[in-house]
Structure formats: structure tokens, C-alpha cells
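Enquirer: Given chain A, work out where chains B, C and D with the ligands should sit, using these hints.
Chains as they are written, first to last, in our numbering: chain A, 1 to 351; chain B, 1 to 351; chain C, 1 to 342; chain D, 1 to 342.
Please note that a few of the clues may not be correct.
No farther apart than 20 angstroms at their CA atoms in a straight line, the calculated lysine to aspartate or glutamate pairs in the DMTMM-like style are these [what the hints assert, rightly or not]:
#, chain 1, residue 1, chain 2, residue 2
1, B, 140, C, 56
2, A, 139, D, 31
3, B, 139, A, 195
4, A, 139, D, 32
5, C, 271, C, 248
6, A, 140, D, 56
7, B, 269, B, 183
8, B, 310, B, 300
9, A, 310, A, 86
10, A, 190, A, 262
11, A, 139, B, 195
12, A, 140, D, 57
13, A, 6, A, 296
14, B, 139, C, 33
15, B, 6, B, 288
16, B, 226, B, 144
17, A, 140, D, 33
18, B, 139, C, 31
19, A, 6, A, 293
20, B, 140, B, 67
21, A, 269, A, 255
22, A, 190, C, 43
23, B, 190, D, 43
24, A, 190, B, 172
25, B, 140, C, 32
Label-pair ranges, simulated between beta-carbon atoms [stated by the list, open to error]:
#, chain 1, residue 1, chain 2, residue 2, range
26, D, 244, C, 84, 55 to 61 angstroms
27, A, 289, C, 56, 51 to 57 angstroms
28, C, 84, A, 198, 35 to 41 angstroms
29, B, 311, A, 332, 54 to 60 angstroms
30, A, 332, D, 246, 39 to 45 angstroms
31, B, 197, A, 235, 21 to 27 angstroms
32, B, 265, D, 12, 35 to 41 angstroms
33, A, 289, B, 197, 54 to 60 angstroms
34, A, 261, B, 3, 52 to 58 angstroms
35, D, 205, A, 321, 32 to 38 angstroms
36, A, 332, C, 84, 53 to 59 angstroms
37, B, 313, C, 29, 56 to 62 angstroms
Read the hints as simulated data drawn from the structure, not as lab findings. Beta carbons: idealized from backbone N, C-alpha and C, even for Gly.
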Amino acid sequence: MVQASKLQTMFTDMVTARYYEERLQEEYLEGKQPAFDISAGPIPGELHLAAGHEASATGVCQHLRDDDTVTAPHRPHHIAIAKGVDLNRMTAEIFGRETGLSKGKGGHMHLFDPEVNFACSGIIAEGCPPAVGAGLAAKKRNEDSVAVAFIGEGAVSQGAFLESLNLASVQDLPVVFVIEDNDWAISMPKDRVTDVADASQRAGGFDMPGERVDSDDATAVYDAAKEAVGRARDGNGPTLLEVQVHRRMGHFMGDPESYRPEEDSAAAKNRDSIERLASELRAAGIEDEEIDELRENAHDRVDSAIEWAKDQPQPDPEDAYGDVFVGPESGVTTTETTHELAGDTRAGGDD
Amino acid sequence: MVQASKLQTMFTDMVTARYYEERLQEEYLEGKQPAFDISAGPIPGELHLAAGHEASATGVCQHLRDDDTVTAPHRPHHIAIAKGVDLNRMTAEIFGRETGLSKGKGGHMHLFDPEVNFACSGIIAEGCPPAVGAGLAAKKRNEDSVAVAFIGEGAVSQGAFLESLNLASVQDLPVVFVIEDNDWAISMPKDRVTDVADASQRAGGFDMPGERVDSDDATAVYDAAKEAVGRARDGNGPTLLEVQVHRRMGHFMGDPESYRPEEDSAAAKNRDSIERLASELRAAGIEDEEIDELRENAHDRVDSAIEWAKDQPQPDPEDAYGDVFVGPESGVTTTETTHELAGDTRAGGDD
Amino acid sequence: MAQQDSAQAIDRELTMSRAMVEAIADEMRADEEVFYMGEDVADYGGIFDSTQGLLEEFGHDRIMDVPISETAYIGAAVGAAQAGMRPIAELMFVDFFGVGMDQIYNQMAKNTYMSGASVNVPMVLTTAVGGTYNDAAQHSQTLYGTFAHLPGMKVVVPSTAYDAKGLMHNAIRDDDPVVYMFHKRLMGIGWMPAPDGPKTPVPEEEYTIPFGSADVKREGEDVTVVTLGLHVHRAIEAAEDLAEDGIDAEVVDLRTLVPLDTETILESVAKTGRLVVVDEDYRSYGVTSEIVARVAEEDLASLEAVSRLAVPDVPIPYARPLENEVIPATEDIKDAVRSIGS
Amino acid sequence: MAQQDSAQAIDRELTMSRAMVEAIADEMRADEEVFYMGEDVADYGGIFDSTQGLLEEFGHDRIMDVPISETAYIGAAVGAAQAGMRPIAELMFVDFFGVGMDQIYNQMAKNTYMSGASVNVPMVLTTAVGGTYNDAAQHSQTLYGTFAHLPGMKVVVPSTAYDAKGLMHNAIRDDDPVVYMFHKRLMGIGWMPAPDGPKTPVPEEEYTIPFGSADVKREGEDVTVVTLGLHVHRAIEAAEDLAEDGIDAEVVDLRTLVPLDTETILESVAKTGRLVVVDEDYRSYGVTSEIVARVAEEDLASLEAVSRLAVPDVPIPYARPLENEVIPATEDIKDAVRSIGS
Ligand SMILES: Cc1ncc(C[n+]2csc(CCOP(=O)(O)OP(=O)(O)O)c2C)c(N)n1
Ligand SMILES: Cc1ncc(C[n+]2csc(CCOP(=O)(O)OP(=O)(O)O)c2C)c(N)n1
Ligand SMILES: [Mg+2]
Ligand SMILES: [Mg+2]
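Isolated chain A (complex conformation) (with noise of 0.2 angstroms):
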């Protein structure tokens, strides 16, 4: 049984996130309309939104502390937020503004917050080597913090995930890999991208354990989570994790989903487990009352975040120039050797 104080949390965490989730596609939208062109609006660029993904990061996060990494896809924020990465100043690098995690120069996709060792990138799979790194630097350092890197189920067949498996498991190393399986890549249904229903059928491959949660539950992520987290805490190595979720919205802003049978978008809007975890906060004694103020205070949070965002100011062009280095071009020195060298003037030296 998941203690009632958790559960809270991570109720929180999740309404936080679709809320999240449905403010931005308003704010997104906005401009859009009537024709859709996606140079318009308030939100600059891509848009791929989280909404039905909710159960996975809370769950998992539950257990990480601010000092163990997280590397997201290009759905990230409901990860972000159940880790805890600043929710003003993600949301004011969403809406490209100068306050934001990098100024406004990485966009949704690119989240950075090494206040909690988060990070978020655009290729499928790719944030899968650097987790793996944050768990050799962890074990090298004698540390026990963990890292976990998520996915898309449709990523499970990308080179930059299978090697990760392997090198995590020859390496031992304190990372969870947590796919989240949400029935489609875009417009590709899973059957038709891998002969394998669960995924967490790779592990057996680099004599990993693997697991699925087989239900968008929260609690059971929870459960799942805590076995492979501990466990890579406590230096008994990597573990595989799918779990299964649900796409509310389109692949990104603006996808006709045409290619997705009407049924299967039904059922997705049908199984939602933020109502399956509130009968569980009901379950464990907690009023309605208490959960509509839950509910209500991450509302105004993400309000005030967007609120705050579109306050701050769009970044100055010159900008862009900066920060493709964080120290001198020259390396640590602007001062040439004066070593003199014996013979043949063209052995080495300086000018």
C-alpha cells in the first residue's frame, strides 16, 4: 500500500501535468486560428503534449531524489514536473522567453535544470547514453544516486537504447530505463514497428530484469518503480520498465490523427487515471473536498506559471550568439608556449 501522503503527491504531480498540458495547448492554439501555421502564436515551434502520460513520471519519480538524473524525450513535461524542474522557468523557455531554463534557446524539447539533474532532448532515444553516463559517473563516484532515462515505446527499436541496455548491464550500473508505451509513434502502431507486446521482452537480451505494468495506474507504476529504483540504488544494476499509458491528444499540435481509428481515441480519453488514482485517494480516507484543493492549487500554480512566462521578455537577438561555449574559445589559456627547443626549428615550438 502506497502511504496516503504519497498518493497526494503524486495526484498532485499528475493534475499539475495535464493541466499543464491543456493550459499550453490553449496558449498554443492561440494565433493558430482559424488556419493553423505553425510560425504563429504565443508558443514558437513543435508542440508534443503529455496528456494520458501522467501515471508513469509520477509514479517513477516518487522515489528520485534531486540529485539523480532524468533524461526525457520530446514529450517531456510531465516528467519535468514530476521531478521538480522549475515551473516558471520551463514554461518561459516554452514560450521562447530570456528567463527561461536556457534563455530561449532550447524550446520544449530542451529542457535543461541541472538544479535536478533533469534534461530533455529530440531524438528518439537519445537521452538513453547520457543516463547511462550519469550512472557511471554516480558508481565511479561511490555515490548512490540513480539515473532514468524515458522513452517512447516507439524508441524501442533504436541503436541508441539497445546499446544502452547492454552497456548499463556489463557496467552495472544504477540506471532505469522506463518506456512509455502509449500505443503509437506518431501515426505507427506498435504491432507494426516490433513483433514484441511488451517491450520489457528486451531486457532478457543483456540479462536485465524487465517488467511491464500492464495497467495506466499510478500506484502500480509506483510499486514497479520502487523494486528497480531501489535496486539500482542499492548497486544491483539496471532494470527494464515499460508502462503502459495513453495518448489524450495528437502526436504533437496539430496532428489530424486521421490515421487513428475513432475507438482508439475514445478509449484513450476513457481510461484515465487521474480518476483511478482519486478513488484511491478516496479509498485511503481523503475527502473530495481535500482532492478538489489539490486539484485546485496546481491549477493556479500552472497559471501562474504561464502567467508569469508570458511576462518575461523575449530574448535579444544578439543573444544568439553566446553560449555555444561556456569558457574561451582558447581553452584555459591565451598564452603561447616560450619553450625553447633543441635542433630542427620546424620540431615544434611556438611563434
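Expert: Relative to the frame of chain A, chains B, C and D with the ligands by itself:
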């Protein structure tokens, strides 16, 4: 029980390949004495010899036709021989001669013989996707040819291999993946690079049958490959096969093998798959005399191929500029189009 | 410019994506061996409309969705091409090249040479390029220079519907590997409005445009602007504005980077003496470098002034003011032309 | 050239590989966070001696053999670097970049920028480059241009033991990602004899050579030869021969491609008026292009003649006569210099 005539063919392949490598070793080292200089001597470049790998190639290729495709890795000669690649032109290629398979442009890691659909390449696991493509072509054309990709056990963690397992599996393609496990990836023992002692175990993660032949035994390989190739040819999809072989020489010529325990080298020398097959020939009633004759004929063939190759002319330096493309640079036309387009001149058109 | 010898001016206009798809469909009808592989190319019709409508006619066997595993399926295209088929493989965004580059440049591009031409690789690699819609550092690059630098691939960059169709016919029929880089902003996708220019009249019939034949999209006497892709249209716009100031710019659309039509560039510079190269790829070690170097090497005498305009060696930033700063705009082209006098 | 202000000329000579390894060992002693990952870097000591002897001192935990999975371990280096460690990851041959390029250029090179510098990636990617020993199209390239074109990585190419050590110290201490490309032929490996030149006196103490500082390896008045890596030594040899004919060539060793020391090149060309660029990478869209373009753009007036010498846009062939034909030789450099007069 494998037919006697098959046993003889296999024995011939094996002694041909073994003697070929021994002779190339001699030739290669010529001119590299006393100090080993990779740029000296009659054979250019690196040389990866496959002495000890023969059982795998012959056991598999017995089941193949000329229209079946084989891709091999950097250690290709035994496979090329078993697949029926033109021995003279292959040898000329290895010696960098004009009449070589690739006119001296490819070398020992880049042997192509389209007559028997053989190719090899120098990047780990790089031949797997093209083999899948050959299988795809066969399926599309409704032909019953198959494709076999050979790799080393060091390649089982490379994305190109793992992704190929999935693509072949989800598309149900007639492909057999063969892992030649010689215990070493250059200086790295298998357990340093993966936790899985039997890499055919990787197959399970893709719902593909996997099998390991745990002894360096040509007829055992023959039997396992019969099933795998048969499955592919009958349209029942891919198989992953791992085959124990052994490495009798260094990774490449010039490898000091200082990383390798002496017992391991000695053990490799002792478990000789050729002698094992010879006993089977004897058990099948084939006389020692006949066995000796097979061996001598094979040696003669190798000697004469090397003789021939060394007589071939060096390529003309000017030839370096050709063969980047087979067709003209301009594509199928050199003629400018002459359409008159309505409206604004900037709207396309030509000059 | 269009010659005057055909009977009647063609006025059926197509978007660049329709023109490209028309060529693909024609080739697929003519030759059973042509097929298309990629992510979301079947039911979705290509994220950037590159296969719109093809599934309906050709079915899932020839318009194939594949697992997200670029190494595997691009390499499979190489294998199928070597078996004599004529695959078209799509890399959804060129920015993803890093997950499949080994198959692209060590197999697709080199197998012909490494085999002494006993093998050839008749395939097309299509890929979407370009920014201007704030998709940030991993989804907005053009990477023209990266592909053009490595030998063994022909590199095609159409700027109009007319060119897109003729170049695609040539690409599919070519017995050698062709990388066909289409700019998202030019495709005429509903949700990403194209500028004026790429939508052009397109003949219904098949035709091929040769590779290595740059197209003078606007004639001019004072300065040569060499460019490609989206920036052809920005350069033409700049030229029209400059004309009002009495500066007559010639706009050369490269159309292919490999082979490169040096002759047309040299002819133009011989006439104008001034060279501006405009590119949406990174500035250093890229397209602008090569064009300037060829002219400097082959006709230094006629070169009076030169200027390069490209992305200033920074990754593509996300926010609009930042992205606008780094991708050359029409105004920047005008400034570059003015900066080298006239 | 070496200045005259130190007490006594240094005469301890090292091969380039020993110098490189010495710097790595020093840094590993000084900082626990430095470690080395690669294939065959532990017991083998690096196929090209890049880690020779390090295992004995530092053990398998810090000199780590890794599975043949470049994407995974190079990406892991990125992750460890972002966690504050200072990994050195080795890509055995640069020709293998295609199997790991996404992690290299979309993570290692871009994460700093994409994070607005809230994250940085203090790692070194070492890799062996170059031909001259007939290893054919997949093991002989230099690919300088491919790496230098993409922003976010510093690109270092040492040509001598002295430079190799100072540049390696700077690379490891740098808080930004550095690609350190060492030419096999220069390393002084037993089985691949180096030419005269790379083995130089090397101080025992630590020192850093700044990036973006080209080194005039030979002064001259008549022509500027800009080059790097192996070809520094071929250019010096050519210059010595040319001197006998009264042509006085200056040889500029770039040492780093990113940042590029344009100033030293411009100064030299201002003096000589003639520019020859020599490169072992492919000719088009590469290093030679960039050097010529920078000079043309920034000081066209002083440029009287220019010539480029590089691999002529073909994959590297195997047989000796063919490889010799495509890789610029000392004779070719002399011819190029003569071809543009003096
Ligand atoms: C290497 C690579 N290939 C293709 C893409 C384009 N792409 C972005 S998201 C996506 C589908 C991902 O599906 P999945 O992993 O299931 O995640 P989901 O979007 O369903 O959350 C694809 C193909 C990419 N970003 N990177
Ligand atoms: C992608 C890539 N990484 C590294 C190498 C260098 N390399 C060549 S052979 C080899 C070891 C291969 O071992 P294995 O696959 O077991 O084959 P074996 O040599 O034992 O036959 C390595 C690392 C390469 N060619 N390609
Ligand atoms: Mg999905
Ligand atoms: Mg092996």
C-alpha cells in the same frame, strides 16, 4: 547425419580457407621483416585472418545458393570461400591488383562479388542492415532467396545489429544472422563487453528464434543452419544463430596478443575443427588417401590463386578517379528542359 | 529562364510537395521495383507531405512504414538497391542523420567505389531540411555541407515545384545514390505556409532536370548571388528590392551541390565581378566556403568583391528573435550585396 | 619558432603518442574525475598507442574498455561530463563517426547552447585519422571538415609531439567539448614508422597551447602554405626542396580548425600574396574551401594566386598506386606552389 558428399565439400572449404590464411600470412609478413612495417610487403593495409573460424562459414553456406546474399565483416575470407567467391580475383584484390574484384579499390575488407551476392565491410555490424535489405528485396519480389549476415561476437552490442534483428523480425524477412563467437573482440574478452554468455539470447527480445552451437563443429553448424536457412527460405522469418569458433592468430597481422593468456591461445590451437571434421569423414568411410587428396587439391587451388594474383598488374594511378558513380554525374539526362511556364519568370523554369 | 519554343505556356500550378509526389507516383507506376520506406510515410502521408496520397494507390507494401531505426532501414535500402531494386528511403529530418550516418556514407555512398563499380546503389535518400519555424537545434538544420563534403552521393536541393519534379525523376532513375533534400518551408504544407515562389506551373508529363546544372533564376548585371533552397526566394525578393535602388542582381540557384555547376557561377561572376553566397547551413567549412573557393581558384582575376551569408556557426536557437537573427533574411541579403559595393 | 628566453634548450624527444599519453597521465594524476573510455584502450593500450601504459598506473576503472557500441559509450561520456566528470572517449577510427554521430553532434556539441549554458560538457573525444598505409575507404579518412563544419566542438589536430602535449592539456582542462584528431602516421607507432618531424623535444612539465593559435612552422616570403596534421611535414619537406629553387615558402600549421586562427593566415598572405592550402580531407566543402574563402572575403586585395590540394572527392582507394594518387604528396605540394608562380 550429414551426407558424405557434403562432408567432403565442407572439408574442402575448410582446408581451403585455413591454408589460404596461412599462405596470406606468409605473403603479408614478407617484406615486413625484421621490423613490422604495415606499409611494406606485397599485401597492402590491415589483414584480419580467420584461421579457426572455418566451421561456421562452411556449415552455413552449404545451404546457400548463388542468388542468396551473404554479408561478412572485416574477417571475411573463409566466408567468401564458402560462398564461392572467385578465388583468383579475390586474391588479386587482396594484393591490390587491377584485376581484383574491385580493381584494387576495395581491399580485403571490401570484397564484392555480385556473381554470388557476397559483400563484406569494415565497420562493426555494418553488413546487417544491407542483408535485411536483400531479404526485403526477395520478399517483395516473391523469390525464395535468403540473406545471411555474419558478424563477430564483439558486434552483438552494436546498434546496427540490434536494429536489424527488429526490422527483419517485424517484416518477417528471410534473414539469418550468424554470430561467430571467437571469444575476443581484438583485446576484449566477451564478458567485458556483454553480460550474456550466449548472445543468441538477444533474439528473444524481438520474438525471433535464437540458437547457439556451443562447439566448434562444422556438422553441428550445418544442422543448425539447415533449420535456420530452411525457415527463412520457407517464408517463416529470421533466425539468430551463434556459433563457437576460435581465433588461432592475432586479431590482425601484427597484433602482439600480449593481452591474451597463453592457455587461451593454446586451447584455441587444440580445439581444431578441421581435425574434428576429418574424423567424421573417416567415420563416414572416406579413406585417408582421399582426405589427403582433398587437402592437396585445396592447397593447389590456393597456391595457384596467389600465384595468379601476384602476376596481375598494379592499377593505373589514374583509375583512382573513376567509379565514384556508375552513371554520368548528371544522372539520366544532360538535356535542359524547355517548358514554357506561365507567369512570373522566377517561377521555376530553366536557363 | 523558360524557353519560348513550346506550344503553349504551362499554367497548372503545384506546390513543391505535390510536384515531388507526382514524380514518385509516376516512377512507381512505371517500375515495380520502386518503393518508399520511412517513418509515418504510409497512413500519415509523410510529416511534410512527401508521400501524401501514395498509400491509397500503392498500398502498405510499397509505401512502407518502418520502425524508428534509421540505421536498419536506410541500410536495408542499400541492400535492396544492390539487389537491383530502386528504394526511396526517407530520413524524416536531416538533423537525425547522426543515427544512421554510417549506412549512408560508408555503404550507400562508398559501395560503388569500393567495389570498383561491380556493385551500384540506385537509391534516393529523401530528407527534410530547414528552419524558420522555431523547431530549434535538433530539427532546423539544412546540413547541405555535411552531405556535399563526403564523396559518393549526389546532393539535390530543389527550390521550386518545377525543379522538384524534374530533379526527382532524375533521382529515381539514376543508377547512383542521390540525397534529395527538400526544404520544409517550400513544400506548401497547410500548416506551414510557403513564401511566394516555390509553387509554380508544372507540366503533367514526365521530364528530367540534369544534375550539375545551376539555374539562373534572375538575370542581373551588377552582382551574383549564389544560393539554394529557401534562400533562392529570399534572394529573388532581395534582388527585386535592390533593383529599385538600381542594383541589378543575378540569382543563381545551384539546384545540386554534387555535382556542382561551377561553370554557371564563373560565367556570372565574370560578368558581375561581385559574389555573394547565401546559405542556410553553417557558415564555416560549408557551401559558402566552397563556392567562394572555386571562384577564387578558377577565376581570381574577375573577382572584385565577395561576401558570405550563412548561419554564423551556432546551433539553431529556438525563440523567434534568436532564430531570425541567425537565419539569413531578405534584409541580410540586401545588406550583404550593398556591403560589397556595386 | 621557439623563443630564446628559457634557460636551456629542451632535448628530451618523445613520439607524438608518448607526448599525448604524458599529458593524459598528468591530468589523471591531478584530477580523479578524468577517465578514458574506448575500445581496446586498456590491455591493448590503444590500437594507435593512444593509451599506452596508462592501464598499469590507473587500472581498469579509469582506463575503461567498453563494448563496441559507440553511440552508447560516447553518449555516456556526455552524461558523465554533464555530471561534472572529465571523460575522454576514444573513437578508434574517425571513419566510424557515422555509428555515433548523433551523440557527438546533437548532444556533446549542442547541449551547452541548447541549455543556454546552464549545462556544459567538459569532455574530449579522441580519434585516429589519416591514410598512407592502404587501409582503404573505411579506415583512412581525416574528415577534418565534417567535424569543423558543425558548431559546438573545438577541433584540434596536432602535428608534433610538442604540440600534441600542450594541446591535450588544454583539451582536458577545457570546460567545453574538444575533438582531438591524431594522425596515425605521426604517432610513432612501432609498426607504422613516422616521417621526420613529429618526434620533437618535449618539456617534462605541463604546459598548455591555446586553441585558435596557428603555428608558423617555417617562415618564408614567397608563398603561404596552410596545412595541418601529417601534411605539415610534407609541406616543410616541399618547402626545403623549393628553397633550392629559390622559392621561399612559409608553412602555417593550423593546429586547430575550431577556433580557426584567421589572423595568422591573413598576415602570411599579406606578406606573400600567394596561398596554397593542403589538406588530407576531401577537397570540396572542406578545410581548403574555408581557408581560401576566409582570405578571399577578408583580404581579397592581397590575394594574387591560390591553389588547393586535397583528396579529389573520391573515397580513399586501397592499392598503393591509387592511394598515393589521391593523398597529396610532397611532390604535389611543390607542383601546386609552382603552378601559381612565385
Ligand atoms: C531518430 C529519430 N527518428 C525519428 C524522429 C521523429 N519522431 C519524433 S517523435 C516520433 C515518434 C515517437 O514515438 P514514441 O517513442 O512512441 O513516443 P511518443 O511520441 O508516442 O510519446 C518520431 C518518429 C526523431 N525525433 N528521432
Ligand atoms: C563501429 C566500429 N567500431 C570499432 C571497430 C574496430 N574494430 C574492428 S574489428 C573489432 C573487433 C571485432 O570483434 P568481433 O566482432 O568479435 O570480431 P572478430 O574480430 O573477433 O572476428 C573492432 C573493435 C570497427 N571496425 N567498427
Ligand atoms: Mg508512443
Ligand atoms: Mg570476436
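Enquirer: Kindly indicate which numbered hints from before are broken by the structure, ordering the numbers from low to high.
Expert: 37
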